[in-house]
Every structure is written in C-alpha cells, then in structure tokens.
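A.B. asks: Top to bottom, those sequences are chains A and B.
No gaps in the numbering here: position 6 of the first sequence is -14 in the working numbering, and each next residue is one more.
No gaps in the numbering here: position 126 of the second sequence is 202 in the working numbering, and each next residue is one more.
Incorrect hints may have been included.
What the hints assert, rightly or not - Footprint (simulated), chain A over chain B, 3 or more residues, beta carbon under 8 angstroms:
hint, stretch
1, 96 to 104
2, 115 to 121
Unchecked claim - Pairs of lysine-lysine residues, derived as DSS-like cross-links and limited to a Cα-Cα distance of at most 30 angstroms, are as follows:
hint, chain 1, residue 1, chain 2, residue 2
3, A, K441, B, K186
4, A, K300, A, K254
5, A, K487, A, K501
6, A, K468, B, K186
7, B, K159, A, K111
8, A, K451, B, K203
9, B, K186, A, K434
10, A, K254, A, K490
11, A, K434, B, K81
12, A, K444, B, K159
13, B, K81, A, K13
14, A, K111, B, K186
15, A, K199, A, K421
16, A, K475, A, K165
17, B, K159, A, K434
18, A, K451, A, K254
19, A, K441, B, K203
20, A, K111, A, K421
21, A, K300, A, K199
22, A, K25, A, K441
23, A, K(-3), A, K397
24, A, K(-15), A, K7
25, A, K(-3), A, K(-15)
26, B, K186, B, K203
27, A, K7, A, K444
28, A, K475, A, K444
29, A, K13, A, K487
30, A, K441, B, K159
31, A, K515, A, K468
32, A, K451, B, K186
I should point out that these hints are in silico values taken from the structure, not numbers from a laboratory.
Note that beta-carbon positions come from the ideal geometry of N, C-alpha and C, so glycine has one too.
These are the residues of each chain, in order.
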Amino acid sequence: MYFSKEMQEASLKLTRKWEDEVQKSLKNNPDQKERFSTVSDEEIKRLYTPEDIQDMNFAEDIGAPGEFPYLRGNQVTGYRGRYWTFRMFSGMGSAHDTNQRWKMLLREGQTGLSTAFDFPTLMGYDSDSPKALGEVGKCGVAIDTLEDFLVLMEGIPLAEVTTSMTINPPATVLWAMYCAAADIKGVPLSRIGGTIQNDMLKEFIAQKTFMCPPEPSVKLISDTVEFGTKYVQRWNTISISGYHIREAGATAVQELAFTIRDGIEYVEDVVRRKQMNVDDFAPRLSFFFNSHIDFFEEICKLRAARRIWAKIMRDRFQAKNPRSMWLRFHTQTAGCSLAAQQPYNNVVRTTVEALAAVLGGTQSLHTNSLDEVFCLPSEHAAEIALRTQQILAEETGVASTIDPLAGSYFIESLTNKIEEETWDYINKIDAMGGMIAAIDKGFPQMEIAESAYKFQAQLEKGDKIMVGVNKYLSNQQYPIPLVEIEEKVGEEQIKRLQEVRRKRDGKSVKTSLDNIRSACKKGDNVMPHCIDAVKNLATLQEICDVYREVYGEYRDPGLY
Amino acid sequence: MPERKIRVMVAKPGLDGHDRGARILARCFRDAGFEVVYTGCHQTPEQIAASAIQEDVDAVGLSCLSGAHRVLFPRVVELLREKGAEDIAVIGGGIIPEQDFSTLYESGIKAIFTPGASLDSIVEWIKTNIKPH
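Looking at chain A on its own, in the form it has when it is part of the complex (with noise of 0.2 angstroms):
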C-alpha cells in the first residue's frame, strides 16, 4: 500500500514508542487474558499498523467497488440504489399456514420469499413414509405434491416477487413443481426468478441431508446448471452454502474454504459434463455465507469471498465476462450463535451479526429470530428480526457509503490472513484430487469436528464466554411463547396426499416416471421430464426413488 517515506518514518517511530509504553503499563495492568483471539481462534494483535498492509497493491488487492478484484462489492453504486433484500427463511406446518406466514411478511416489507420445508420434504421422502414419522410439518413446510406447491404460492406474484428454496437431494423435483406452477399460472419461464440451494457437497461435508452418492448428486445439480441457462434465465441454480458448514462447527477460514472449493468442483463438472462455457453459466452461481457472532472477522470473511472467488474466475477458469467473476450472496446471521438461556439476547446477537453481513456487503439477508433456538420462529419474533434489518437500513447510516471499513489496518490484514489460510486449504483439497475425493477421505469432516469440539472445550473451559450460558448466569426466568407444530397437521397432510393419489391418472404418472429413469439411465437432463412428472401429479418420494433406484443411496459413516 502506498505510504509517504515520511508517513513510514512517524508510524514506525510511534509504533515503537507505544510499544515501550505498553510494556510499562503492562506492570501495574496486566491483561485480561494472555491471548486475544477470534471465535474461531484467529489470534488478534492487540494493534495493527501501517506495517501490516505496507505490501498491499493498492489496484491489485483493494481496487474500486465493481472493479476486479470486487473486494469493496460487485455493485459500482453499493447500497444507494438498492439495499441488500430482506429474505426471511420460512415454512411451517401446511402449505396454507406457509403461504399466510409469507404474506405477512410481504406486507411488513421483506422484499423476497425464502422456503423452508420439513425433513420429509429435504430428504426427498412423502407425508406418508415411515420415515416421515413424527416430522411432518414440524422444521417447515411440507410438500408432496404439485398441489401443495399451488396452495403454498396462491396469491404470490411469480413475476415480481424471487423466491429462494432451501432444498438439496430433491432440488430437481421442487424446482420442477416451480416451474409448472409458473406455467400453470401463464408466467413465462424467462420471468420467475429465484434460486434453489441444490448443493450437494456441502450436504456430504455439514448439513446431511443426503440420499444419493456425490457423484451423480453432482450429475443433478448440472443437470439444473443447463437447464436454467436455457430456459430460466433469472434463476440461481446453485446457492453454494457455507453456512451449515459453519453451523457444524467449522471455523470462519473452513467454512470460506469449503464453500469456495465446492464452487470450484461444481463449474468444473458443469465444463466437462455439459461442455458448456464458463460465462455463460457462472453469471447465475450464488452464495450463501453464515454472519456468526465475531463481528471484524466476518466482515473481513465476506470481503475475503469476493477477491478470491474473483481471482479463482480470472485465472483457474478464464472467464472474461466480470459478471462471472462476482461472487453474489445471501447471508443467514448464525443459529448457532444463540442461546437457549435468557432468550431476549438473542436479538442483541442477531443485531450484530446483521451488521456485519451489511458491512461485509451482502446482496440478501435473513435475520434469526429470538426463539430459533427453540423452535420455528413465532410471528412477532420473525417481525422483530424482519425489523432489525430495516433499522439497520434505514436508520443507521450503515448503508450511505460503500465498504467503509477498507483501509483500516486491521481489516485489511485480517482480510488477508484468511485469504490465505483459505488458499491453503483449497490447494491441500486440490492436492487430494478435489472435494468429492476429499469427502471420501472425511477430510472436510473431520476438520470441522474437530474445531466443534475445541470451541466447545473453550466454552467449558470459560475461554470462551457466551453471555448467560458460562457467564452471567440468571435464574430470573422470562418464557417466550412458543410455536408447536400439532401432530394433527401431519395426519391432514396425509390425507391429503392420498387424495392425490386417488384421483390422478396413474398411467400417465407411470410413464413420466419411466421417462425420467431412461434420462438418469442415459445421462439426458432430468429437468424437463421432472416437469411433466410433477403435472402428472408424481409425488416427490415417487420422482426421488427413481433416482435412488439408478443412483443408490448415500449413508452416513458417521465420522465424529
């Protein structure tokens, strides 16, 4: 970085000067604690100085907003024409109490829809399978059929409003169910925007929800890469996640590095297997980072994204086109930073984490509410967290000027740092062949587990505080209400689900099915005779036992 001689010569010379007074000071004031470092153990200096970023190229590691190396954002105007978009994550019970839920919040000013459904639902399972005992509607909303997906988007405009949905092994089919409905509707394909999580790999390394093996897992995310690129243009098809790595336990450099090397293996597949051109695909590829509780490091975390995914864009993949070079995301503050104890806190937490997901320039934001500790959010506790946001935007200032911790000593190192270390990791995962081989080894997985349980070492060992849970301990109890799922909404669901089954025309869900086994049999893109199965009224477990027919299913090897 570019500093004058004389600039240099002071800053050395005060450098050494308060480093002589600290030491004395040090005698009658010894330190809280003898080593300062980040939630995920990141040592931090106890001063940065010009010296730490005297080698930074200015151009080269820092630049201007939407110029390469993005650093400061992908958007030449930030925040000023347009804020980050409120997207709050949410499904519950039926596909009615869900479609009530969004349009409450659509009138309280989010200005997205993001879906959650239950574990059935995620793991490609219907109402009705024993493996759906006691799940139903409980974590989200449950999906069996084309539907339940109409009921749950009665009333939402398909051409204005984007939805996200947070749905992995069964990505295919419930995109699939969007894109009917669109049609059913008379919205053109080329309209609907919005985006489906369908990233497998991370799903093998945190989240595990899981049914087929990575390999054709990656076949089917392509399958989705190809499909939207030719025919629904203003769709993300992939929302490579970090945040369930992060929620496993994984530190703030594995959970960019994961991300990042998943990003990787997934435009690799889509080069190779479709013989597609990097740039006219990697456009739509999104993003989806945890905002945990240490506020500099992730700030420096998401600034760190953008450069590296950049310069991975440029170089390993030669893409021309600046749009493919953007590294696009939705930030979701972290669960796992709340506590059960003492739960009015948890919008303190919530509050800082949202801001530095702003700060560290987010494009989407969802705020956890209060009681997700608990259960899923209650209406008021989801208001509240929608609220945060708009306070954040429209009070605070925060928003009025571009990236406005660059250039601080201390961010700009820590940005650095992690850059580095998360290149460390991508060239070992490189080194053993990729992250579908690196899976195979459990090596993603075992890194996380182990800092799991060191951060939970630190927290026993009270080196870690979390306010209420090691510290500040209070019997004063103040219950929050509770959302509870009733058992009797997954009896309904059933019931439902077998009208279904009665009134379609089982011969023509028999053919589109057979059809989307000769594709998965011969390589063929499994999207448009999804769609069609979906018409047909094929129930979600109906289209995913076909896949694990050809596939085979994944299981856990439960590696601790």
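Starting from the known structure of chain A, arrange chain B on it as the hints suggest.
C.D. replies: Showing chain B alone in chain A's frame:
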C-alpha cells in the same frame, strides 16, 4: 479381571442432520473413557434398537433437534422393551421443550439434557447411573 468399560451408543433418530452435538458428545464420551458407538444420522427407532442390542451397549443417548423426539424417543424405549433389552438405559437430548419432559420420563427415558447442559454434567450422570453389565 479388569473392570468393564461403560459402553454408550450415541444415536440420531429421525431425519434431521443437526449432528454437531451428537458428534461432540461421542468424542467427549470417548475421552471420558467410555466405549462409544456412533450411528450417524437418519436412523429409524428400529435400526437404533437393533444396533443397541447387537452392540451390547449399556446406554443409548438419543439426539434430536427437529421436534420429532415426542414420537421417536418413546418408540426406541418401547422397541428395546419388546426385545427384552429394558436394561439398556435410554437418555435424550436436543431441543426439547420442558412441557415434553413428563411424557418422555413416563415413557421410560431416564434423563434429558437440553441446550446449556455441560459435557461434564452428562458424563457425570452416566458414571453415576450406568453400571456396565
């Protein structure tokens, strides 16, 4: 004859993949000197009961964060009883609201640990209440 170590199975019933707690506990039990079996995610109650018997464990620790504990935990106890293995103690943890405690205890769950329970307190409970058979 050397004293037999306590054998504990950590199991994840249901479909949720929130295994951070389960995996930390498996490590912690190993460090505490127990013999540990970890099932991995997505186990049915039938699979859990069968492996508990086959692995000849002294206790089963169930972890569930999806809300399905109300149905799944009692089912594991019931299946163990049906197979004559009621001497295997079943304990549970995860996101479990207090109002569910009494039903779970009545169904035969021996202890419940919720967010904030220290690893030490769980290990202590097992050392005090579980005798290797």
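A.B. asks: Each hint should be assessed against the structure and marked as holding or not.
C.D. replies: We went through each hint and held it up to the structure:
1. 96 to 104: Coverage by chain A holds for the stretch 96 to 104 of chain B (7 residues, Cβ < 8 angstroms).
2. 115 to 121: holds (count 5)
3. K441(A) with K186(B): holds (28 angstroms)
4. K300(A) with K254(A): The given pair, whose Cα atoms are some 19 angstroms apart, holds under the 30 angstroms limit.
5. K487(A) with K501(A): Holds, at about 21 angstroms.
6. K468(A) with K186(B): Cα-Cα ~28 angstroms, so holds.
7. K159(B) with K111(A): holds (21 angstroms)
8. K451(A) with K203(B): With a Cα-Cα distance of about 26 angstroms, the restraint between K451(A) and K203(B) holds, given a limit of 30 angstroms.
9. K186(B) with K434(A): holds (29 angstroms)
10. K254(A) with K490(A): holds (28 angstroms)
11. K434(A) with K81(B): holds (25 angstroms)
12. K444(A) with K159(B): violated (45 angstroms)
13. K81(B) with K13(A): Judged against 30 angstroms, a Cα distance of about 38 angstroms means the pair is violated.
14. K111(A) with K186(B): With Cα atoms ~25 angstroms apart, K111(A) and K186(B) stay inside 30 angstroms; holds.
15. K199(A) with K421(A): holds (20 angstroms)
16. K475(A) with K165(A): Holds: K475(A) and K165(A) sit about 26 angstroms apart, inside 30 angstroms.
17. K159(B) with K434(A): violated (39 angstroms)
18. K451(A) with K254(A): violated (54 angstroms)
19. K441(A) with K203(B): This hinted pair holds, its Cα atoms lying about 21 angstroms apart.
20. K111(A) with K421(A): holds (28 angstroms)
21. K300(A) with K199(A): Given pair K300(A), K199(A) holds - Cα atoms ~25 angstroms apart, limit 30 angstroms.
22. K25(A) with K441(A): holds (22 angstroms)
23. K(-3)(A) with K397(A): Between K(-3)(A) and K397(A) the Cα gap is close to 26 angstroms, so the pair holds against 30 angstroms.
24. K(-15)(A) with K7(A): Judged against 30 angstroms, a Cα distance of about 34 angstroms means the pair is violated.
25. K(-3)(A) with K(-15)(A): With a Cα-Cα distance of about 18 angstroms, the restraint between K(-3)(A) and K(-15)(A) holds, given a limit of 30 angstroms.
26. K186(B) with K203(B): The given pair, whose Cα atoms are some 14 angstroms apart, holds under the 30 angstroms limit.
27. K7(A) with K444(A): Holds - the C-alpha atoms of K444(A) and K7(A) are around 25 angstroms apart, at most 30 angstroms.
28. K475(A) with K444(A): violated (49 angstroms)
29. K13(A) with K487(A): violated (71 angstroms)
30. K441(A) with K159(B): Answer violated: K441(A) to K159(B) is near 42 angstroms, above 30 angstroms.
31. K515(A) with K468(A): Roughly 28 angstroms separates the two Cα atoms, so the pair holds.
32. K451(A) with K186(B): Since the Cα atoms of K451(A) and K186(B) sit roughly 29 angstroms apart, the hinted pair holds (cutoff 30 angstroms).
This entry does not satisfy hints 12, 13, 17, 18, 24, 28, 29, 30, going by the numbered hints stated previously.
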